[in-house]
Amino acid sequence: MDESTVPFYERYRTPLIVVTVAVVFILFAVFVLDINMISVLVNGLQVGAVYSLVALGLALVYKATRVLNFAQGELGTVPAFLVFLILVNGDRSVEIDIGTLSTSKLLLATLIAIVVGAVLAVLVNVLVVQRLADASPVTSLVATAGVALLFSSAELIFFEAKARKFPRFVEGSPCFARDAEGFCTSPLAFGGVVVPWHTIIVIAVLAVAAALLAVFFRTPPGVALLATAQEPFAAELHGISVRSMSTLAWGTAGALAAIGGVLGAGVFEAISPGLMTTTFLIPAFTAAVLGGITSMVGAVVGGLLLGITVAFANSFVLAQNLTSVLPGPPQIATFLVLLLVLLVRPRGLLGKEA
Amino acid sequence: MAIDTPAGIDSEEGMDLGAQHGDPDDPRRIWRPSTAGYVGRFFVLGLFAAFVLTAPFWVPDTQTNILSRAAVFAMVALSMNVLMGYTGQVSLGHAAFVGVGAFSAGFALTEAQMPWMFAAVFAIATGGVSALILGGIALRVRGLYLALVTIAYGLFAQEVIFNIRAVTRGGAGMPAPRPAFASGDYAYFYLCVAAVLVVWVLDWLLTSSKAGRAIQALRDDERVAASWGINVTGFKLLAFVVSGSIAGLAGALFASIETIVVSISFGFGLSLLFVLMTVVGGLGSRPGVVTGGVLFAVLPTLLETAHNAWSWWPFTALWEPLIGALLLILTLIFFPGGIAQQNEHLYRWLSFKKFHAEEHGPVANPGGGGGH
Chain A
1 MDESTVPFYE RYRTPLIVVT VAVVFILFAV FVLDINMISV LVNGLQVGAV
51 YSLVALGLAL VYKATRVLNF AQGELGTVPA FLVFLILVNG DRSVEIDIGT
101 LSTSKLLLAT LIAIVVGAVL AVLVNVLVVQ RLADASPVTS LVATAGVALL
151 FSSAELIFFE AKARKFPRFV EGSPCFARDA EGFCTSPLAF GGVVVPWHTI
201 IVIAVLAVAA ALLAVFFRTP PGVALLATAQ EPFAAELHGI SVRSMSTLAW
251 GTAGALAAIG GVLGAGVFEA ISPGLMTTTF LIPAFTAAVL GGITSMVGAV
301 VGGLLLGITV AFANSFVLAQ NLTSVLPGPP QIATFLVLLL VLLVRPRGLL
351 GKEA
Chain B
1001 MAIDTPAGID SEEGMDLGAQ HGDPDDPRRI WRPSTAGYVG RFFVLGLFAA
1051 FVLTAPFWVP DTQTNILSRA AVFAMVALSM NVLMGYTGQV SLGHAAFVGV
1101 GAFSAGFALT EAQMPWMFAA VFAIATGGVS ALILGGIALR VRGLYLALVT
1151 IAYGLFAQEV IFNIRAVTRG GAGMPAPRPA FASGDYAYFY LCVAAVLVVW
1201 VLDWLLTSSK AGRAIQALRD DERVAASWGI NVTGFKLLAF VVSGSIAGLA
1251 GALFASIETI VVSISFGFGL SLLFVLMTVV GGLGSRPGVV TGGVLFAVLP
1301 TLLETAHNAW SWWPFTALWE PLIGALLLIL TLIFFPGGIA QQNEHLYRWL
1351 SFKKFHAEEH GPVANPGGGG GH
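Chains as they are written, first to last, in the numbering used here: chain A, 1 to 354; chain B, 1001 to 1372.
Hints in this document: simulated from the structure, not taken from any laboratory.
Idealized CB from N, CA, C, for every residue including glycine.
Treat the hints with caution; some may be incorrect.
Claimed, not checked - To list a few chain B residues with every Cβ distance to chain A over 12 Å, as calculated:
hint, residue
1, Phe-1042
2, Phe-1043
3, Thr-1233
Said to hold, decoys possible - For each label pair, taking beta carbons as the anchor points, the in silico distance ranges come out as:
hint, chain 1, residue 1, chain 2, residue 2, range
4, A, Val-215, B, Leu-1318, 40 to 50 Å
5, B, Leu-1139, A, Leu-336, 10 to 20 Å
6, A, Ser-102, B, Ala-1309, 27 to 37 Å
7, A, Leu-27, B, Gly-1170, 42 to 52 Å
8, B, Asp-1220, A, Phe-233, 45 to 55 Å
9, B, Leu-1346, A, Thr-14, 30 to 40 Å
10, A, Val-119, B, Thr-1305, 34 to 44 Å
11, B, Met-1117, A, Ala-161, 32 to 42 Å
12, A, Thr-14, B, Gly-1143, 18 to 28 Å
13, B, Asp-1220, A, Ser-241, 43 to 53 Å
14, A, Val-215, B, Ile-1264, 40 to 50 Å
15, B, Leu-1318, A, Ala-177, 46 to 56 Å
16, A, Thr-14, B, Leu-1045, 58 to 68 Å
17, A, Leu-336, B, Asp-1220, 33 to 43 Å
Generate coordinates for the entire structure from the input sequences, incorporating the hints supplied.
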């Protein structure tokens, strides 16, 4: 049947069902379960934007090289630890003094970390992944899992198994009025829920990164990358170097991972070895699959949706007082979303292929 | 593909002195070692068996449990091998299956007061059932997506299932006493070794059966296998259930080593360790993966012992994952067949075949050449 003659409700059947179910569920949550959806949104978008940043890198690498990069999380933790090292002037026995920290130093350290993240990702690609170009995708996944283990155990040896304080770019929340002691009397809040600066910054960074990527895909190297993703052989015939394209994709993904690492450690205001792998990588995988694994827009949408879902699961378990019965609501939500997507719509919300 | 000893086809065949059974030109003749060959092989195998059986006497008494742990890891490696080596499906959440087995055994022993043998059977059953459920999902997705599902399942089990207090007693842990007939450390080690031996024989029976060949055929090409009338869905599920059941038994044995099960033992790091010991050992090769399992079970202790004995030795047990990860990457890039590839000739000789292979080409490649 011709595409245009398909009725509207059949072409968009799955999204329509999803949206309807979601709306009913939210109404149910707000009016029957008494869950504060604003608080869910504020918490969910903060963590979801970090999922999106990691998922963007995953999707980019998968699109360009058909490799699912398990090391994407640790490519963020290592640069974040580098930021930590710079902020404590190389003395890893002390904590960061967040009170006296200058924002410019943090920004500079983050810039260095982004460069290091990109270089590290390119090294992983050249030293490990490209050498396994002929192997099955699963073998490459296992190899990148090995790289992730390598990084996280190196962190464990160097930084020991303890959480250390990690700064946010701006502490606290936007403030409209202060009293005589400088205490904030009127912070930015919706319906009584205070919005921290970090949420705003993470979302803004995600928006900028997504916009830059969108612009990049309209420049000649971006188009070359898309062409390589579609058909490497034909792209090579047109004079595009497939190797440099994969280097480009990995480098960009490494930079995204580093940004995600610094912001992700900021979410918890703490950093520990293996942080990004244990807390953000699996949700980011799920987010990428949810959005459609080769879709950049999908990665952003999937990450934000999953973040909100996870925050909802947390509030639900708290509100219903089920903490002792149902441990780990974020993991339950993530696993269920992954299964649901893979069983109902393997190509994801916006993906064109499974 | 490897066809078993199609002897007498090439001219080198007649040169071997052991090959004097029957007409050397008969292509159906199966090669047998000479009498001296049998004696040599039995001697080496006997030495090896004696070494394994006397192992507890070689190490300090405080480390007998490490040997039991090595036996359990060897069993887990055999379980991983069924999935990764024979069917070519990767499981990045195998610690969850082992954990399900361990907590089931603990639950059966402590809450239900079952005898140990019944608890072990219960653990095998729960391991198999949980693998059946995950395998049911695995039939819908394949390759990378399956790997993702196993990762997510592993994390789900670690953070959710193993923390439900009613079933696992939370952080305090679930007691899992040893059986009365093997309560000592030595006796328990022999129980573990015997269990590994049983699993090895069952695994060997599986790979030499029609079902085993069907499983390996669908690893090589699902569509070709289906066109030969192999029930792809059924045999994939079978492999999942076999792997899960072995992991369940390994979990039950693991639980009773320290006689307590705690959820933090079955983290994601353990799943990764299981993957790397199987890959480094050599996918598809029983002796290979068992060597890998034993190696990674004793490696932390070896490193720690060396660190205490020699002041110049910088590596402590903390370095184990780092060394393992490096070995994994090097194995994948340079020796895809792992330890089994290095010891290919030795393993073949010990299985009463010729020292040198008759066919050429990679004997052990990842996802290929199973069942030596």
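Quick rundown of the hints versus the structure:
For B:Phe-1042, the requirement that its beta carbon stay farther than 12 Å from each beta carbon of chain A is met, with the minimum near 38 Å. Residue placement check: B:Phe-1043 keeps its beta carbon more than 12 Å from all beta carbons of chain A (closest about 38 Å). At roughly 15 Å, the least C-beta separation between B:Thr-1233 and chain A is larger than 12 Å, which holds for a residue marked as non-interface. At about 45 Å, the beta-carbon gap between A:Val-215 and B:Leu-1318 stays in the expected band of 40 to 50 Å.
B:Leu-1139 and A:Leu-336 have their C-beta atoms about 19 Å apart, which keeps the hinted 10 to 20 Å range intact. Restraint check, A:Ser-102 to B:Ala-1309: a C-beta distance of roughly 49 Å breaks the suggested window 27 to 37 Å. Against the hinted window of 42 to 52 Å, the Cβ-Cβ separation of A:Leu-27 and B:Gly-1170 comes to about 35 Å, which falls outside the hint. Hint check: B:Asp-1220 to A:Phe-233, Cβ distance near 25 Å, so the stated range 45 to 55 Å is violated.
Checking the proposed 30 to 40 Å range against B:Leu-1346 and A:Thr-14 shows it is violated: the Cβ atoms sit about 56 Å from each other. Remark: the range hint 34 to 44 Å for A:Val-119 to B:Thr-1305 is upheld by a beta-carbon distance near 38 Å. The beta-carbon spacing between B:Met-1117 and A:Ala-161, approximately 38 Å, falls within the hinted interval of 32 to 42 Å. Between A:Thr-14 and B:Gly-1143 the C-beta distance comes to about 23 Å, which sits within the given range of 18 to 28 Å.
Range check, B:Asp-1220 to A:Ser-241: about 34 Å between beta-carbon atoms, so the 43 to 53 Å window is missed. For the hinted restraint 40 to 50 Å between A:Val-215 and B:Ile-1264, the CB-CB distance of approximately 46 Å keeps it satisfied. The hinted range of 46 to 56 Å is satisfied by B:Leu-1318 and A:Ala-177, whose Cβ atoms lie roughly 51 Å apart. For the pair A:Thr-14 and B:Leu-1045, the beta carbons lie near 60 Å from each other, so the given range of 58 to 68 Å is met.
At about 34 Å, the beta-carbon gap between A:Leu-336 and B:Asp-1220 stays in the expected band of 33 to 43 Å.
This entry does not satisfy hints 6, 7, 8, 9, 13, going by the numbered hints stated previously.
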